[in-house]
Each structure stands twice: as C-alpha cells, then as structure tokens.
Amino acid sequence: MPLRKIRLADHRGREATVVLVPRCRPPEPSYTDISGAPVRFARLVKSTADNGHDKLLSRFGDPESLSRALIDGDPEIDLESVGRETGPCDRVHVGADGKPLYSARIVEVVVDRDGNEIARRELVETPANLVPDAAPLWSGKLISKMEAARRYAFTRAYQVRHTNSLEYDFLFGLARHLEERKALALVGSGPKGAGPLILERNGTPMKGFLEGRTRGETYLLTLHLAAFELKMPEAGP
Amino acid sequence: MTQSIDINYGGRVSRFTLTLIDRKRLHGFKRRIALDEQGIECNSALLTRDGRFLLSAGSTADAYLDANGDVVQRGDLVAVDAEGKPLPTLLATAGRPQPVEETATLEDFLNHVVTRVYLLETETLGAVLEKELRAGTIFHISFRARASHTETPAFLLANDDGIFLVQAEACHFDFVGLEQAIAETDNEWEAEETDGDAFAIEMDWEIEHAVA
Chain V
0 MPLRKIRLAD
10 HRGREATVVL
20 VPRCRPPEPS
30 YTDISGAPVR
40 FARLVKSTAD
50 NGHDKLLSRF
60 GDPESLSRAL
70 IDGDPEIDLE
80 SVGRETGPCD
90 RVHVGADGKP
100 LYSARIVEVV
110 VDRDGNEIAR
120 RELVETPANL
130 VPDAAPLWSG
140 KLISKMEAAR
150 RYAFTRAYQV
160 RHTNSLEYDF
170 LFGLARHLEE
180 RKALALVGSG
190 PKGAGPLILE
200 RNGTPMKGFL
210 EGRTRGETYL
220 LTLHLAAFEL
230 KMPEAGP
Chain Z
0 MTQSIDINYG
10 GRVSRFTLTL
20 IDRKRLHGFK
30 RRIALDEQGI
40 ECNSALLTRD
50 GRFLLSAGST
60 ADAYLDANGD
70 VVQRGDLVAV
80 DAEGKPLPTL
90 LATAGRPQPV
100 EETATLEDFL
110 NHVVTRVYLL
120 ETETLGAVLE
130 KELRAGTIFH
140 ISFRARASHT
150 ETPAFLLAND
160 DGIFLVQAEA
170 CHFDFVGLEQ
180 AIAETDNEWE
190 AEETDGDAFA
200 IEMDWEIEHA
210 VA
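Here the protein sequences line up with chains V and Z, keeping their order. All residue numbers for the first sequence refer to numbering that gives the first Met the number 0, where the first residue is 0 and numbers rise by one. All residue numbers for the second sequence refer to numbering that gives the first Met the number 0, where the first residue is 0 and numbers rise by one.
Chain V extracted, bound-state conformation (with noise of 0.2 Å):
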C-alpha cells in the first residue's frame, strides 16, 4: 500500500515533502470452536427483497391475507437462498421500486449536535491538502505536552519518516527542535500554516501537531491528529 506523503515546513524555513508511516494495529482475535478446530467468519443470506414485507404485501394484496399465508406457509423464506454464503458484493444504490439505480444525485446533509438537518447542498469534493503546490509555512505556534495532551483527542497518529539522508537531516534536526522545547508544534494548512489538516478527499479536517523525540542519532517525528477536543458539550437550547 503506498504511503501518504506530507510537505513539512520547519523552524529554520527548509521544507521537505516526507512520508507518513500509520501505527500497527493491535491484531483482533480469532476463533476456534470448543474442540479447538478453527472456524471462519461467514456473511450469509438472510432473506432476499424478492421475500422482503413490501413485495410480499404487493403479493397477497393485503395485510390480512399476507398474515394468513405467513401462518400457513413460509412465503418470507426462499429455500435456494436462505443460508448461502453471500460471497464478496458491491454496494449499490436502491430507488424506490427496489430496482439499483444506475446513476444518483449525490448532496452532502449537515446535521447539528443534536441530530438535526440544518442544511442540504450539492456535494463539493475537498481535496486533500497533506502535499499543497505552494510551499507551506513554519506556523511557529508551540503547545505545551502538558497542555495538549489535556486539551485534544489525537484519534490518528503517523510517523514521520525519511526517506534519504537529506530528509533524516531535516527531520532529525526538526525532532531534536522539538523535544529541546517539551512542545509540540501547530502543522497545518493555508498562509499561517495554522489552517486544518485533510488526510483524505472528502475527509474530516484536523487539527495536526508534530511531536519530536531523539536517542544518540535516531529520532521519533510524530504527527498527531485531533478530531474534536476535550470539552463539555454545549446544552441545547
């Protein structure tokens, strides 16, 4: 899988395009059954739409006969599919007569705290902004790691890596900046270089800060994400 790529800016005004290596993630369990023989995990055919309420009601005409013919029989239950393995699928878009769609209007729905629609508008692509065309700036703005890590929720992390010589000097020298000062620095978008990170199109713009760390010649750059912070909800009016 090819690694992102951020374009990082430091305290010394030198700029590098480098790359973001994710975490590993803690591998799940897996089963066996009592005997110990291992099992497998299995999506499986449950009922169909040819077998689902709106068909059968449009079958049986009411829903006094559709009660009548589900107490006789087992008309919600297609004997050749019931059971099966569904195999890999594609996820499609369903109209109201049931049938796929071959093409849909896409809109973006913006719902509030509590839930509720606010507005409805015509899907506009954000692009991701980890490598922007013009070079980005240092923002110089230091948080404490005390204070940050009290006031944000990092929900993604990436280590910073090097991939030739030059790079490992820009980034060890960035790493040891950092560490010397117990902070982390504000990494972002836009002129202040303080603007939100977007790790993917369409993505939940971030808060980004560098983190740094050194031992002898080998360092630790890593960039912490944070979705939200740590604070009281707002009470609703």
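Hints in this document: simulated from the structure, not taken from any laboratory. Incorrect hints may appear among the rest.
[Unchecked claim] Mimicking BS3-like on lysine-lysine, the simulated pairs with C-alpha atoms at most 30 Å apart in a straight line are:
1) Z:K130 - V:K230
2) V:K4 - V:K191
3) Z:K23 - V:K140
4) V:K191 - Z:K29
Given the structure of chain V, go ahead and fit chain Z onto it with the hints provided.
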C-alpha cells in the same frame, strides 16, 4: 443505559457516570446521501457479484462456520491468540472499584491514539484524586464497558472543562536512524484507517445493518 465507573485511589473510592463524547456530539457532522431523479433519498444495498441477490439492510446474517460449513454458536466460540492459545475473558469493569494502576508520563500517553472519550460526571470524588487530576496527572486505569479478550489501555485525566476517561490503542512507533530510510512505495504496511466522513454512505448502511 448509563455507564459508571468506580475508581479507588488512596483508599478512597470515587464514583463517576460516563457520557460518550465525540466530534459528532460536539460539532455535528456532514453525511452524503444519494437521491434518485425525483429527489427521493435512496437506500443502500449489497449486490452479490453474480447479480443474483440484492441484499438490503437486515437481510444478511453474520456467522462463524466450522470446517463442515455448519454454524458455530456464539457461546461455543473460543478466542485465541496468534499461536492458537485461548485468551482469558476479561470481565467488564462496571460495579467493581478499579484501582488506579499508575501515573502515565506524557510520552506514554502520546504513544497512543484515542479511540473513545467519555466525559465523567462526578457522583463522589476523593480529595486526593481531585488534587492530582487538577495538577495535571494522567492515570492509567482499567476500563472495559463489556467483557473482552484483550486489554484496552485507558487513561484518566482532567482539564478546565472536566474529567475525562480516554480509551486508546498503542501506536508502537519506534526510533529510526539514518540507515532506516523507508521506500516510498513500501508494501509492508497494512491498509490505513480512513476518515469516517468520507464513507458516510457506507457507514450509514453498516449502522442500519447493525440495528436491524
């Protein structure tokens, strides 16, 4: 159902109720929906690759199958580690006072990513614990909302807005030197986590499916 946690620190038990907070609850969210030509919102469904079945939300079932293809009941499943050894079942922490295990350094805390955040409402709060939290101490604690086979790191901390319980996962990043340059197209890395909003439609289907 309201969750609570009892924390034993310095011989005094503090009791909190938990409220899950996330970006959606703090700021709202955006989602994408599909409309047909009449402007009616479309549902999402799964179409099997052979085109035979159109599976709407709630029309599939997840199961574990043995070598014969028979369904294994959930109660008969045994969680095992990578070497096939059975994993112990760790009980939920609710209803049992959890001792504060140790204080966490800032580096230790920053070695994790946050997976879940709870705002804690205080029912009873020991004076010593309150003093430590207000001074900026971050504590390691045990918290499991339900029984689990794996230990999930959790931290207790406070700021001016309140006291928070943060569940996390370790990043396992390591220091690198000059010789450890990485190839830009390295394939050893697993598929990345991606952002929820970019896949709102898929997520909606999954949520509907889970509810169904």
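Going through the hints against the structure:
For the given pair, K130 (chain Z) sits about 19 Å from K230 (chain V) by alpha-carbon distance, which is consistent with the 30 Å threshold. Annotation: proposed proximity of K4 (chain V) to K191 (chain V) holds, straight-line Cα distance about 20 Å (limit 30 Å). For a cut-off of 30 Å, the pair hint linking K23 (chain Z) to K140 (chain V) stands: about 27 Å separates their Cα positions. Of the pairs offered as hints, the one joining K191 (chain V) and K29 (chain Z) holds, with about 26 Å between alpha carbons and a cut-off of 30 Å not exceeded.
Of the numbered hints listed earlier, not one is contradicted by the structure.
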